[in-house]
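Chemist: With the hints as your guide, set chain B onto chain A.
Taken in order, these protein sequences are the chains called A and B.
Residue 235 in our numbering sits at position 235 of the first sequence, with consecutive numbering throughout.
Residue 72 in our numbering sits at position 72 of the second sequence, with consecutive numbering throughout.
What the hints contain is simulated information worked out from the structure, not anything from laboratory work.
Quick reminder that beta carbons are idealized off the backbone N, C-alpha and C, glycines included.
Any given hint could be a false lead.
[Claimed, not checked] Which residues of chain A face chain B? A few of them, derived with a C-beta cut under 8 Å, are:
(1) Thr85
(2) Leu86
(3) Ala109
(4) Met112
(5) Glu185
(6) Gln188
(7) Tyr195
[What the hints assert, rightly or not] Partial pick of chain B residues on the chain A-facing surface, computed with a CB cut under 10 Å:
(8) Tyr91
(9) Glu92
(10) Pro112
(11) Ile117
(12) Thr118
(13) Gly120
(14) Cys137
(15) Ala138
(16) Cys140
(17) Ile143
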Amino acid sequence: MRHDHLITSKHLTRADIEAVLDRAAEIDADPDAVAEKYAGSLLGLLFFEPSTRTKMSFETAMKRLGGDIVDMGSVESSSVKKGETLADTVRVIAGYADALVVRHPRQGAATMASEFVDVPLINAGDGAGHHPSQTLLDLYTIRENAGLDDLSVGIMGDLKYGRTVHSLAYALAKFDVHQHFISPESLQLPREVVYDLHQEGASVREHDALEDVLASLDVLYVTRIQRERFPDENEYQKIAGEYQIDLETLEGAQDDLTVMHPLPRVDEIDPAIDDTDHAAYFEQAHNGVPVRMALLDMFLGGERQ
Amino acid sequence: MSGDDHELRVSKIRDGTVIDHVRGGQALNVLAILGIDGSEDEEVSVGMNVPSDRLARKDIVKVSGRELSQEEVDVLSLIAPDATINIVRDYEVASKHRVERPAEVEGVLTCPNATCITTGDEPVTSRFDVLDDGVRCAYCETIVRESIAELIDSR
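Pulled out of the complex, with its shape left as it was, chain A reads as follows (with noise of 0.2 Å):
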């Protein structure tokens, strides 16, 4: 990878997001062989805003290296809670581990937090920004599915808040796939990633209603609306109902449409598609570890052995 730090996906090249998805292959295929490989090293876990699957599958991932983890707990429980700023924790923290993983609610966070350490720190969510390592499980994901060229990619919900939406989208860039940004209008997609996506090269293109596009999807990634985004509760209800999915919704999608959601989930995807062949959530959350694993393996060292 040709960076000290993963910041944003916006970076990676096609090379580097192959060469994370191939590494978590092989770990998948063959988690003994890495069992030990990191036994005595320290990842930071800081997380200043609260986290399940993000976290723990961090958390998991360095265990099943062979390592440990060091938690900055909670916010309420750290120094933060005294005024202690973001730069002067993560100095601290890369001080007792060998790599840092960040998630803030402000969006920059990890830039700036990742020029004040020397250690490999990875952006597990900047505010609305980037949240990188979730794209890359995702892309593994798709790939395993559907293959990640000559697609057509939905992404509905929350697009101007999402940013497992935004990352995604600059990883997709990279990639012949067509990218379709399905929301309200209140929800669309940032102008600057927009502007990006189109400096990229990128096939965008965006609507308000599924069922403009559902039929020429191979995967459709779902995600949350979120309820404290709207003033008016009738507002948010009125919306929310026409960006949730169920059987009927789908019967207008191709047979092999793959159904993902970043989770948590609310009320966005009916649970009677859990168990039709189009729901790849529950896998793609666990694809989080191998995934994980891999980036770790590649920033803790490499071909270390």
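Modeler: Just chain B now, with coordinates in the frame of chain A:
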């Protein structure tokens, strides 16, 4: 009446900098960038909405006793991309050049994104990449195309 006649409305200076061809209405923002608020000894003359062959209407700022640094000129270029910088020594123009837009500016603009890490309490200096038609925060990536002057840090 020629453009030169209009320029005479603003008195000549002995030593200092004349910033000419500033887009109409931007003179006060130029002063803000230079940190000039009238509290120091600098003698400043400002011409606003002066007729101009090149810009139709332009502003002129003359600052006595001070030659601008390259950093100041870089930032000026964001709001006055057509400006010419004349360095005056003993009433003569010692050098004259157009501003050039830098690749980035550091520490002079405040990001308008309230959730950007640079607007919190972190020990970080704001940094913006300069685009053809605006600026972009190097941290949160917000693009600003209009009202860039409103982002100037008050010094």
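Chemist: Against chain A, with CB atoms and a cut of 10 Å, does the hint on Glu92/B hold up?
Modeler: With Cβ-Cβ at 45 Å, over 10 Å, it is violated.
Chemist: Hint check: is the beta carbon of Glu185/A less than 8 Å from a beta carbon of chain B?
Modeler: Given a least distance of 20 Å, the restraint on Glu185/A is violated.
Chemist: Return the status of the interface hint for Ile117/B: holds when the least beta-carbon distance to chain A is below 10 Å, violated otherwise.
Modeler: holds, 4 Å
Chemist: Return the status of the interface hint for Cys140/B: holds when the least beta-carbon distance to chain A is below 10 Å, violated otherwise.
Modeler: For Cys140/B, the interface hint holds, since the closest Cβ of chain A sits about 4 Å away, which is under 10 Å.
Chemist: Does the interface hint hold: is Leu86/A within less than 8 Å of chain B, judged Cβ to Cβ?
Modeler: holds, 6 Å
Chemist: Hold the hint about Gly120/B up to the distance rule: shortest CB distance to chain A must be less than 10 Å.
Modeler: holds, 6 Å
Chemist: With chain B as the partner, please determine if Gln188/A meets the hint condition of a C-beta pair closer than 8 Å.
Modeler: Given a least distance of 15 Å, the restraint on Gln188/A is violated.
Chemist: Hey, does the Ile143/B contact hint survive, CB to chain A under 10 Å?
Modeler: Because about 5 Å separates Ile143/B from the closest Cβ in chain A, which is inside the 10 Å limit, the hint holds.
Chemist: Quick one, is the Pro112/B hint okay against chain A at 10 Å, beta carbons?
Modeler: Pro112/B check fails; min Cβ-Cβ to chain A is 12 Å, beyond 10 Å.
Chemist: Any CB of chain A closer than 10 Å to the CB of Ala138/B?
Modeler: holds, 7 Å
Chemist: Tell me if Met112/A is really an interface residue toward chain B, meaning its C-beta lies closer than 8 Å to one of theirs.
Modeler: Hint holds; Met112/A Cβ to chain B Cβ min 5 Å, cut 8 Å.
Chemist: With a cut-off of 8 Å, does the beta carbon of Tyr195/A approach a beta carbon of chain B closely enough for the hint to hold?
Modeler: Holds - the Cβ of Tyr195/A comes within 8 Å of chain B, reaching about 7 Å at its closest.
When each numbered hint is compared with the structure, violations occur for hints 5, 6, 8, 9 and 10.
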